[in-house]
Amino acid sequence: MKRDIISIKALVLYMIFWIILAEKIDFQVLLIGLLINIMIYLFNKNGESSCHIGKRYQLIKRWKLFICYILLLMKEIVIASIDVASIVLSRELNISPRIIKFKTRLKGDLLKTILANSITLTPGTLTIEVKNDEFTVHCITKNQITGVKNSKFEELLLKIEEQ
Amino acid sequence: MKTIFIWIALSGGLFFLLVGTIGILRFPDLYTRAHSAAKCDTLGAVLCLFALMLYNGLNFSSFKLLLIIVFLWITAPTATHLIAKAYHKGKIRENQME
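Protein chains in written order, with my numbering: chain V, 1 to 163; chain E, 1001 to 1098.
Just so you know, the hints here were simulated from the structure itself, not pulled from any lab data.
Every residue gets a Cβ at the ideal spot worked out from N, C-alpha and C, and that includes glycine.
Simulated coverage check for chain E against chain V, where a stretch passes if three residues somewhere in it have a Cβ under 8 angstroms from a Cβ of chain V:
#1 1037-1048
#2 1064-1075
#3 1082-1089
Heads up, simulated BS3-like pairs for lysine-lysine below, C-alpha to C-alpha not over 27 angstroms straight-line:
#4 V:K107 - V:K9
#5 V:K131 - E:K1089
#6 E:K1089 - V:K101
#7 V:K131 - E:K1085
Take the sequences, apply the hints, and build the full model.
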């Protein structure tokens, strides 16, 4: 019974995607879309990628915190971009590139991926490797090291994980 | 009023793309150049697309542009991460060979 609910959620997601691509809503488009989406769902159901799909839908339920996270990410990206732009445009390049390692307290694979991706998205820091719970990060200046080691992203993601 | 916002977003996006290109030319090694290239994608391209969304108003084309932004934000850091990882592993192997 629970599996059916999950499949309906996935189908709704696929349908929204299909309608955006099709650019109009009428009977023909919806019927063809429904057929294709059911085929895609059946094709993906047995794949390895969907084995933890139930857990992922549990995470999507905390959408309020995710919206907070996206806003925080945008703010950090704008601040860091202006920082890096001022470094690039300064006459002498004040950079001290270095590679640091730190351990994260996150457990889920999806949340670790989100953290690694947002570290790379923020200009000035770049995730090189993630192994179990150790992140290898490349920083462009000294100031960013403290920003990476106790980051706001990780705190918010921990909150999402705990709930 | 709308035109002013579009103007600001578009010129901001072009400014960050320009800075990213200058960065690629000026920085010394691969890691720092990858930083610069990633910055182009995240803020420059997204601001340009956002300006196009404002210009279009609320219709299906804007939703398509929003989808492009979402996928750009997922795929661009992944690609940068893989390039850096490949370089890092190659360097470790070179050190072991010596």
